[in-house]
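Chains as they are written, first to last, in this note's numbering: chain A, 750 to 1279; chain B, 163 to 327; chain C, 14 to 624; chain D, 14 to 485; chain E, 263 to 364.
For the record, the hints were derived by calculation from the structure and aren't laboratory data.
Errors might be hidden in some of the hints.
To be verified - Residues from chain D that keep clear of chain C, each with C-beta distances beyond 12 Å, as calculated:
id: 1; residue: Ala31
id: 2; residue: Phe64
id: 3; residue: Pro107
id: 4; residue: Met232
id: 5; residue: Val410
id: 6; residue: Pro438
What the hints assert, rightly or not - Derived pair list, reagent style EDC-like, types lysine to aspartate or glutamate, alpha-carbon separation capped at 20 Å:
id: 7; chain 1: D; residue 1: Lys43; chain 2: B; residue 2: Asp324
id: 8; chain 1: C; residue 1: Lys172; chain 2: A; residue 2: Asp1057
id: 9; chain 1: D; residue 1: Lys485; chain 2: D; residue 2: Asp79
id: 10; chain 1: C; residue 1: Lys624; chain 2: D; residue 2: Asp363
id: 11; chain 1: C; residue 1: Lys172; chain 2: C; residue 2: Glu211
id: 12; chain 1: C; residue 1: Lys541; chain 2: C; residue 2: Asp314
id: 13; chain 1: C; residue 1: Lys596; chain 2: E; residue 2: Glu268
id: 14; chain 1: D; residue 1: Lys355; chain 2: D; residue 2: Asp79
id: 15; chain 1: D; residue 1: Lys104; chain 2: B; residue 2: Glu251
id: 16; chain 1: D; residue 1: Lys369; chain 2: A; residue 2: Glu776
id: 17; chain 1: A; residue 1: Lys1056; chain 2: C; residue 2: Asp577
id: 18; chain 1: C; residue 1: Lys172; chain 2: C; residue 2: Asp314
id: 19; chain 1: B; residue 1: Lys253; chain 2: E; residue 2: Glu268
id: 20; chain 1: A; residue 1: Lys1163; chain 2: C; residue 2: Asp84
id: 21; chain 1: D; residue 1: Lys104; chain 2: D; residue 2: Asp362
id: 22; chain 1: D; residue 1: Lys104; chain 2: D; residue 2: Asp441
id: 23; chain 1: C; residue 1: Lys38; chain 2: A; residue 2: Asp1234
id: 24; chain 1: C; residue 1: Lys546; chain 2: C; residue 2: Asp174
Claimed, not checked - Output of the computed footprint for chain A on chain D, the stretches with three or more beta carbons under 8 Å from beta carbons of chain A:
id: 25; segment: 280-290
id: 26; segment: 468-474
As the structure is a computational prediction, the values presented were derived from the model and not from experiment.
Ideal Cβ positions, reconstructed from N, Cα and C, are used throughout, including at glycine.
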Amino acid sequence: MIVHFPFLSAILSVTLLGALIIIVLPENKHFLMKVTAGVTGFISLVLSLALFVLYDRSLGGFQFVEQIAWLPRLGITYQVGIDGIGLAMLLLTGIVILTGVLISSHEFKAGGLLGATGRPKEFYALLLVLVAGVFGVFMSLDLFFFFLFYELAVLPMYLLIGIWGTGKKEYSAMKLTLYLLLGSAFILIGILALYFSSGLRTFDWLVLRSVAFPAHFQNIVFPVIFVGFGILAGLWPFHTWSPDGHASAPSAVSMLHAGVLMKLGAFGIIRVALELFPIGAKFWCPILVFLPIVNIVYGALSAMSQKDLKYVIAYSSVSHMGIVLLGICSLNALGLNGAVFQMFSHGVMTALFFALVGCIYGRTHTRILNEMGGLAKLAPFLAVAFTVGGLASLGLPGTSGFVAEFLVFLGAFKAYPALTVIAATGIVITAIYVLRVVQKIFFASLNPNYIPEADACTMKDQFTHEHLEEVSDSGHKGFPISVSDAVLLEKIPIVMLMGILILFGIWPSLIINVINIGVSSIVQTIGGSL
Amino acid sequence: MIDMYLLYFLMIFAAVSAVGVVTFRNIFHGAICLGAMLLGIAGIYLIMGAEFVFAVQVLVYVGGILTLILFAIMLTSKIADRSILQANEQKTVSFLISAITLFVLIYAIVKTPFTTVQGPFIVVDTARIGKSLFLNNILPFEVISILLLAALVGAIVLARKDIKK
Amino acid sequence: MFELTATVLLCPLAAFVLITFFTGKSEKISSLVSMVAMAVSLLSSLLIFALILSAPGDYELKIPWINILKDLPIEMGVLLNPVSSVMLMVVCTVSLFVQIYSVGYMHNDEGYSKYYSFISLFSFSMLGLVIANNLLQLYIFWELVGLCSYLLIGHWYHKPDAANAAKKAFVVTRFGDFGLLIAVIFLACKTGTFNFLEIERVIGSGILSPAAVTAVALLIFCGAAGKSAQFPLHIWLPDAMEGPTPISALIHAATMVAAGVYLVIRTYFIFDLSGTALSVIAIIGCSTAFMAGSIAIVQDDIKKVLAYSTISQLGYMMLALGVHGYTAGYFHLITHATFKALLFLGAGSVIHSLHTNNIWEMGRLFKNMKVTAVTFLIGGLALSGVYPTSGFFSKDAILIQTLESGHYVLFAVAFLTAGFTAFYMARVFFVVFLSKEKFSGKHPHESPAVMYVPLILLATLAVGLGFFSEGFSRLIFFGKINEPEHAVLIPLLSNLSAIGAIVLAWAIYQKELISAAALEQRFAFVHKFLKNKYYIDEMYVFCVKNILFVVSNAAGWFDRHIVDGAVNGAFYLTSSAAGALRKLQTGMVQNYAVGIFGGVILLWFFMNMMK
Amino acid sequence: MIDFSLLKIELLLCGLIAILFILDLLFTNKKPLHIVAIAGTFITFAAALFFRDTGTTFVGSFISDDLSIFFKILFLLNAFLVILLSGDFLKKNPLYTGEYFILLLSATLGMVLMASSSELITFYISLELMSISSYILSAYQKSNPRSGEAGLKYLLLGAMASGMLLFGISLLYGAAGTLHYAEIAGVISAHAASPILYLAVVIILAAMSFKIAVVPFHMWVPDVYEGAPTPVVAFFSVGTKIAGFAVLMRLFMTAFVGLKAEWGILMAAISAITIIAGNLLAIPQTNIKRFLGYSSIAQAGYVLIGLAMATVAGLSATMFYLVAYLFSNLAGFAVIIIVSGKIEGDKIDDYKGLWKRSPILAVCLLISFMSLGGVPPLVGFFGKLYLFTSAVENGYVWLVAIGVLMSVVSIYYYLIVLKRVYIDPPLDTSPIRASIWENTALGICVAGTLIFGILPILFFDSVVSSVQTFLK
Amino acid sequence: MIAIQELLIFNSVIFAIGIYGALTRRNTIGILMSIELIFNSACLNFIVFGKYLYPSLLSGDIFVLFIITVAAAEVAVALALLLCIYRNSKNIFIEKISLMRG
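Chain A extracted, bound-state conformation (with noise of 0.2 Å):
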């Protein structure tokens, strides 16, 4: 059947051989660990970007299809695929693994954020397992594989904050995967009867997406899926999970998370609800719009009243995602698209913002922004990044968040002109937000509280070494901390996820075409079905 290098199945071996790995290895090899682990992403970023050159776009549709049958009484067959919508996430994914791998291993350093709680060994193990299991979704071309990657995916994330997370780290894990499980929950549902109303018993995507249901049951099994697939994606009211989670979560944790398991909630939409219900999205899409406005407005509101940087952050990603899911809501080409590729940008975006925030927590030992001040000073590299990573965030033109947040409000205006008005409001809050943030951090006078590395050598000689360590554990106790700028192990993912941003935001057409390719054909599928 396979006549091609089976490159999905490979990435998927990859990481999971990466995992295996990690786990045999001794429990004091900590460098060999975050080597394979980095190799893991490495590759997985390679194949990813194969895929990427060897997709052939004239051809369209899904690509490396693999298929082995599995449980062929139940209709369950290890099929997976790839379209020009999945290889734009296999890409963001493999982008944002590579880079959390490496955030994350400068943290594991002693005195690093993870270097107190060690166990380089789960961390790296579950870290890739989770993306294992986030590639899995992308690729799955089988409901049934497709639903066991994605709880796959989430719930490493459990051990993940709750052993490596910060402040009420148990509390916001535990409801992190309660109401993603929860989520899944609805989509268990809505599988189910899909799987039965087809009267195929087959998981197949391929062959579901032939059937026509029958509008009224479209109309009832939309909802539950849209909102089971919108809990992950951050959907208003079900986005509580995720300031917290992401305020409690490592950083690399927070990248992957924020970066790419939310967007297995908006993809999910798309290949499951949107793709096989295009009677209920129509139905349904025009009343469910108002949730993805609320967020947009309201994300961006909480967003700016937020005191801990990571939660500005993460309420920035409710915001920023509401911008994803109105796309998906317009149901036409340019709406689409610039989801999908707001998908990738925020992905990529967000991933830089949690890489900093790491940076940056790692250093001051504090988020709070009051607390912060004049940074650029002492880390010029890291104020130009995070800079970067604001305008993406309030759609500058110039970074790929412009051209995605254009293209969504493009197509959404076609559909919903009057609510497309409201929501573009969320990007002047985003503007005020972005900018308070950059300047709390990095601008205006520098905070006492910290000093130039240089001069903190001096300083050695007057505090005895049980005083600083005191500080590095307690903030501030009224003596300086030294702040330096990012060194080369955590600059090398921050070029890069800039580097991305900008590169997309010039020359968005280089993804674009290949996100319009699976997008067209949704496009196709819903105006077929009128």
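Take the given structure of chain A and dock chains B, C, D and E to it, following the hints.
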């Protein structure tokens, strides 16, 4: 006719004794009532022609189980002796539950049409029982031997005073 | 010709990239790269202008950017016509002069290379904006110049005021941009294109209802008002003076703030269809001019005076556009670019030598800084519209146009504002350059040549440009050529009033014949009102504090306590239900037995119920 | 004639009991008894896997078909695993080692016979054989007052339930005039159902609900699970439940199949309440055994969904889920037995930092709990999936909705425990080691959970076909 | 001959009394005795049905024999267990035997 009156008498006797079992403050009196009720039921068996069952009832139940119970009462007599409160606080609930149960049962019994066989009760031949036991019901008969063995072993294990090592 | 355009555009971009990634360490090379690039751009733009001049018309180049829909192509492109080619020259010229000037001004600054890289980026963005052939591209570069403005205002980011001003500038203009974005999307959806020429064609066919046209026009004006600091979105511009002075000259006087006017000019075919929109523009422009002019009178900060003056002049341009003075407005844009850049650079020269912005800490600088003083004077006269400076031609064209179009009230106000203009400029000039010395312990000196040569060149332009006004009006027009009436009365009157105002200022500030303090006392209320800038900032602060922050805090609270509260409530409910159920598990066998026997009864009843 | 070929497993078990009995009498060294018991159970288990004779004997009161063989395999596997895990308990309670095995095996014999009985007397006696043995085993740890209390509670409530069962059977006898399942079915299909028949069905269902421990007949479970010795709890948490389901399946799908509509809705209602209450009650628990007791109540609720559907899909889902339950639950219990053997405590807090003390045990516990919670790709997920599909197929969407929602709750409480295991720091860092037997048992359980999760195909088809032949 | 219903109702009464006793007796032995009432009512049910409805069948009688045997075994185990508990705690009141709850 006499059978009928006797049956009525035994029924009333057994019912009153049953009430005694569950109400007497002195558990010993309760046990005596149980014996009376068992005998009353045994009498009903006899009248209805179930002679072998009657015999087993008297031998095993009255002779065995009741004796065991009395024995246990004696062993734990220090508490049982005193006529302290023998019923707990959920009397009302319990009464309600048993009353509703009774109502449900009577309702079901009255609503069910029975096509009864007319004529006097047929006395069951013990030999038939034996045959039936060893032909049709040999499996439970064998299994119950294991059950008794298990119960025996278990009773010994539980009742025996352990020798501290 | 498009190759030249590419040169114009890409040189600054290349400079930006080079400086950012390669030459950041070496300040000299950085500034050199930037200036060479700008000079090449200037040359190319001159050539383009020459080519356009030889054959006026629209030259368009389209490059596909994003292909999603066939019926809504998203493109990048170039539209060369007289309007854009003139603007190209202006931008390149001012930018080059400012860059040269900055070599002296920013000398020894910590962020020297950063400064030059941003200024190159700005030039690139501004040029991209100018040549845009479609609304989307214009919007993109529109935002980019905003970004550069943000970055350059915040050049000294460690000063809290600068950081705040940068943020304020970006956010306030973003409010306007919001309107522009909606307009772009609206037009794209209705006309199926972003392209100016095509939109013009489609709209000309009457596809849009008059109401829709007015709405679109006003939305576009929203964007223009934000960028061109029109009331009520003008508040960011005075604060933006926290940036380095050359930046104020380049971005906040000559080019970027004029982009709003340029936008209206570019989309004038829409405004032209809506009388309402034009009236709104005229009224807002006029009131902005008046308001800002009046505020400028009482400012103590030399840059603030110039900033308010800029707002005021932008108001003039808007007024001109609102009264069909297409050519007049555009011409004023150009002349204003030269003399306002000149004034800012002059002010910068003063600040550079005295390290203060307060005019009351200066005085008698004419003695020490002759070139600066003279060029400043020329700029001031041009701003005041005194013959024969370029300001005279452009401003009077506006006044005449206003009167001719029958807007008498607007004319009156504009005329009064012209008087204000002359007054505050004279006030600044006298206080700074001629009156008594008010600084001590400082030794002001003339700036180096690298700074005053641009001043001289700009002064030349400020004077000389006026004589091109007729040629200009034949080159650039909307609809038909608007032959300027050779009215004599109005120029005369306005010149007289300007001279009167200058004399008044001389009397008050130079000779102190009239006590400024007494006047302040006499008109305490007015003074206070002006001093507080019409309390508009306070109004904004009030709104932001009492509306935006309250709403956002309410949203935050709502999220934590209601939405999340519901989640936690569900959790609480579950656990308390579990706790309640747990109480049933008493440990008493007979309670359990109740469950068993009661359960049977329940089952029985349930079964009968279901039957 | 009696066809002894059908009785191989029963005879082997009897023989094993006899051998143990004799060995127990003959030798004072009780250690070899464990080996003999392990070997004997394994042989019986292997025999159950190997011999698949089908047919009926004992005048139709004993039936050996695919269904009963399937259940017998489960019972013997259960017994085998529990015996493997009993080593530590017997080391600490060395008195009555032989009797322990005898009782355990006689309970197993009772279960095995329950699965095969097709007549009510045999069924009743085997049920009592299982129950009485279980009562005794619950109270086996005589030094521990909780153990005695557990035994007494179990016994009293069990006796009440079996009294009720008898009353129900008597009514059934009155209504049908026979005690053979097949004949009862004939009578029911021939005549209109009378009120006492309905009553009989309800009472029998209630009495069996006590055995499988569903709400509101579940209340003995937590107390007994907490008090009884852990291996014993493991034994009857799986065995008794599966036996109860085996009987319910045979009795209701043959004898009462004509009243499907009535008891179907009853079971659905019971399962809904059970899923809700069981899952909720597990949340506030602090004792791990009690906790698992509640979780097993909830699991029984899920299993009942399949039975309530009374279709091929439903029954095969039930059977599949029972396998899933066996492996996952025993894996959990195996970990608990090993851990409590070391730390002498059953508090959930005692599991703090287990990850540090024994990563393997921690991972096994994770797999077990996630499987019980229904997380793919573990066997419990497939079990739930089949159950839910069968329910959706029959239109019980509300039931599935409850089931799915409450499985989210179940994940919550499993995570509470796993949080202790993985996140909290250990109170004591000494590593926990298990004996070879314990490791074997744990390995089998975890392997089952994983392998049948990834490849449910391995036995799912045979389950479906056995149900199909059963229903024919 | 009296009607079958009368006898059945009598059995039901005994059954109900048994339930009442099982639910209310504090003394564990009392509970056991009440359970015996329940067993007896079931036994008598078998005999009554056998005699009135199926005089030719013996299943009822046989079942009763088994029930009595099982009851005996059960009581034996119960009392042994009770003795064991009594020995440990000198108590046979059921509500005192409730270490575990919740």
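With a Cβ-Cβ cutoff of 8 Å, does the segment 468-474 of chain D contain at least three residues near chain A?
-> This one holds; 4 residues, not fewer than the three required, reach chain A with a Cβ under 8 Å.
Could you grab the alpha-carbon distance between Lys546 (chain C) and Asp174 (chain C) and see if it respects the 20 Å cut-off?
-> Holds, because 18 Å separates the two Cα atoms, which is no more than 20 Å.
For the pair we were handed, Lys104 (chain D) and Asp441 (chain D), check the Cα-Cα distance against 20 Å.
-> violated (23 Å)
12 Å Cβ clearance of Ala31 (chain D) from chain C | Fine: 35 Å to the nearest Cβ keeps Ala31 (chain D) off the interface.
Determine whether the non-interface label on Met232 (chain D) survives the test: each CB of chain C must be over 12 Å from its CB.
-> At roughly 4 Å from the nearest Cβ of chain C, Met232 (chain D) sits no farther out than 12 Å, so the non-interface label is violated.
For the pair supplied as a hint, Lys1163 (chain A) and Asp84 (chain C), confirm whether the alpha-carbon distance does not exceed 20 Å.
-> holds (13 Å)
20 Å Cα cutoff - pair Lys624 (chain C), Asp363 (chain D) = violated (50 Å)
For Phe64 (chain D), which was marked as not at the interface, is the minimum beta-carbon distance to chain C over 12 Å?
-> holds (39 Å)
Could you grab the alpha-carbon distance between Lys104 (chain D) and Glu251 (chain B) and see if it respects the 20 Å cut-off?
-> violated (43 Å)
Sort out whether Asp362 (chain D) lies within 20 Å of Lys104 (chain D), counting only the CA atoms.
-> The given pair, whose Cα atoms are some 25 Å apart, is violated under the 20 Å limit.
Take the C-alpha atoms of Lys369 (chain D) and Glu776 (chain A), compute the straight-line distance between them, and say whether it is at most 20 Å.
-> holds (12 Å)
Lys541 (chain C) paired with Asp314 (chain C) [C-alpha distance capped at 20 Å] | Distance of about 16 Å is within 20 Å: holds.
When each numbered hint is compared with the structure, violations occur for hints 4, 8, 10, 11, 13, 14, 15, 19, 21, 22 and 25.
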